[in-house]
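> If you read the sequences in order, they're chains A, B, C and D. For the first sequence, my numbering gives the first residue as 1, with consecutive numbering after it. For the second sequence, my numbering gives the first residue as 1001, with consecutive numbering after it. For the third sequence, my numbering gives the first residue as 2001, with consecutive numbering after it. For the fourth sequence, my numbering gives the first residue as 3001, with consecutive numbering after it.
Keep in mind that a hint or two might mislead.
[Unchecked claim] Among chain D residues calculated to face chain B with C-beta under 10 Å, some are:
1) R3093
2) N3094
3) E3104
4) N3176
5) F3220
[Stated by the list, open to error] Label-pair ranges, simulated between beta-carbon atoms:
6) D/N3085 <-> B/G1064: 40 to 46 Å
7) D/R3076 <-> C/R2090: 38 to 44 Å
8) D/L3248 <-> A/K11: 16 to 22 Å
9) D/T3078 <-> C/T2062: 34 to 40 Å
10) A/K101 <-> D/P3141: 37 to 43 Å
11) D/G3014 <-> C/T2132: 19 to 25 Å
12) C/T2140 <-> D/E3007: 26 to 32 Å
13) C/P2100 <-> A/K11: 40 to 46 Å
14) C/S2217 <-> D/P3141: 29 to 35 Å
Just so you know, these hints were derived from the structure itself, not from any lab. These figures come from a predicted structure and were not determined experimentally. Ideal Cβ placement from N, Cα and C applies to all residues, glycine included.
One letter stands for each residue in the lines below.
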Amino acid sequence: MSANAFDQESKPTVAWLWQVVTGIGLVLLLGLHMVANHFIAKGGLRDYAAVVAYLRNPIILVLEVLFLVCVTTHALLGVRAIFLDFGLSDRVEQRLSGVLKWIGVLTIGYGLVVMWFVIR
Amino acid sequence: MSTLNYSKTRQAARWFDVRRRKAGMWAYALNRITGIGLVVYLYLHLGVLSMLIQGQSAWDAFVGLARSPFYLALDVILLAGILIHGLNGLRLAVTGFGFSAGAQKALFTILMISGGIILIAAALKIFQI
Amino acid sequence: MIERGEVAFGTTGRNHCLLHSGGRYCVTDQESAIECIDENLILRRIMPDLLELNDGLFVAVTESDLAFKERFLEGCAACHIPAHEVTVARALAMEPFLNPTILAAIQIPDGVFEPFRFCLSFLATALKNGATVRTFTEVTDFVCSDRNPTGVKIRDFRTGKTETIGGDIIVNAAGPWAGEIAAKAGVSVPEVPTAGVMVALDCRLNNMVLNRLNKPSDGDIVVPQRATSVIGTTSWKVEDPDLITIPPEHVERMISQGEKLIPTVRRVPMRAKMAVARPLIAMTGTDARELSRTFECFDHARDGVNGFVTITGGKTTTARAMAERVSDIVCQKLNHKAECRTREVPLTSYRFFFERQNVLKRRALAQLQTSDRPNIGFEERT
Amino acid sequence: MLTVPVEIFRFKPGQAQRYDTFTVEIAETAHVIDVIDTVWAKHDPTLTFRRACHHSSCGSCAVRINGAEKLPCIVRLTDVWNGRNPIRIEPLRNFPVVSDLLVEVGDFFERMSAASMTITCEAEGFLPLTVDTFAVAGVLPKTVELPDNLSRFNRFEQCIECGICMSACPTMATDNKFIGPAGLAAIYQARHKTDDPTRVKHLLGLADGEHGVWRCHSAFECTEACPQAVDPASKIMALRRELALRRLRKMFGLRI
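Whole structure, please, built from the sequences with the hints as guidance.
Written as structure tokens, this is what we have:
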């Protein structure tokens, strides 16, 4: 009741750590993605046949999937951080996190579908 | 006693207010602006990739368009955003784990200068085509 | 309690931060010295976490200082101030920036406090015990019945609102402004606002309080605090304690005198300078420097005004003793039998002074939730 | 003597906020607090502001001078006045304004209490101590010996609870539950003053969480603005490292 309002251990958060982990992942994977898709590739972009050949390489496929997961997580955690700065209530913040989680799942799902269409 | 309080939106907009602020605040604002830009780009990019589903002709037509100087200029801007966000992100990760927090301003300067060099090199490569 | 500004807005906030052992006055003003050492020991007990307790050194720089040593040690003994001489070599090891040509050094239990938090913790304790404190509120006038004050008219600077509050006894504890307040009640107080200049340096060059081993004079003390050393002070009579213009030559005198204790002083940039008026009690034919630092309580019944008491003089070190004296007099006048407990009771955290409103709000909220009747007792006025 | 125009933020409950301009006659050697004092004493006694020690020890006078958070008691007039435009003085940001330059600090002090801020600590074994290491270039540190009757020299913490970091912090502007730079720095200090595992766990528990160290946006403005070189940003980062390492060790089943 009259206890200190700030003297409360809050639930530990891992958002920041994940942001860093995916961020470091991105530095490596995006570097690879950029160099492979836009610098090495003739003309800065692969044509359709080249994309197919590229993605059919299993190592590349795994790396591209990882890239997709990292970039989506990193982006949505960033969006969440921006929204948190609007001083929302705890309930709205929780709901927002839920919505962003679903957006993330859909984004990754969509990416996987595109990849599947290419390599099939 | 009633007090003067600023609205939440006005307060939230303060991350953009770099007046009278130092390098760290500029880095933070830049990181956010580029971050927002990159999220928008990410979804544009994913949207464009839907052409891969539509098949070879659609994709190759897009590839032709993307090789125009206008698109290449946009690519340079994109790259600038990625370099600012990525290199600054490295700074945040390093300082965020308690290393060289005292040198954050020097780190920012060094990273941004190297980012500039990479950008120039990459721009030359992009427009060589 | 009514205060014109924030807590410690006036003299107490801007003092030298020296928790006196009494050594400074043990030859010239023994009454004050005894008050100081007594209070020093009490404050160590009631506010242990709010003090830098590193003792102090009285050092002899000149032959005349050295000649003063015996009188000083006798004075300390007479005022029961624990003092012992340390060798010059030892003093220089403890204080490496001390003038290496000193001739003698005596260690005494001086200390350092932080004036804002010093005042806040007393008031926080008072609040916890039911007092009402109104800051940023000025007494504009007295309400009198015949000549006897029965209340005061006040104005809150934050809201601009004025009101009148009554009181059985009104205590005037306005420091150098006590004369001004007393005049509103139609009486006078023999008080001389006497200003002093202090100069704070950009770094701390001593751990212990350093004093010249002599009678108090200008610039003869360097009080360290946190990461600064504060040199003080001068002494001159002022008319208006509201605004004291710092004479530039006083600042220079602080540096040139401070240099005699710590030669490095001149190489260090100045961080701040300040001046404030002490509320000294007037005595006929004395120089400002020689006025006693003791305090006195005036019951204005002797001037034919009942229910009005002035407490003035004193030092921050003796603030608690002043409060004890005046509350004893008030109790006596009201025929209220109560003993002053401030010697024993450890003080509440200074932060409670500001936190209190939050605590009250939460309590009111909790009561609102547990009962459908609103808590009418909750009306925060400070 | 200088004739200095000064523009001061004014607000009283129930009235619109505004800026009042005063022209003050003041010595060239004055500090900004002297300007505020003069406005109050000579021009407008209804101006409300905090002040006490006048030498950066109490932390009560913090305001924004020309937009930047400062302690007016240690800022020289000539360092902030360009000789033409008025000096603008405003209350701290991220605190509710009570009246004029006066802000409500109850929440702030509650944070400092939660963070177990104590104002004394053990002194370093050398002198001089400085706020700003550049200030005393040329004065070499010397070790000090303790007097016989003392077990240690003690001194006040660098943090004077002035609230400047809270005002400069962009995160503080947006999250009213954020512990804030001063509070987190105080948690760090308290954590390093104790060996008791339960205390350590509690203190780290306060810092860990959405409104603790992880909420910081690493703008380093607290450290830039701090007049006492507390360097809250580095302390927040050090807490992050400890918390992250603890979590990693836990993840791999190691005992903390």
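> Hints the structure violates: just list their numbers, smallest first.
6, 10 and 13
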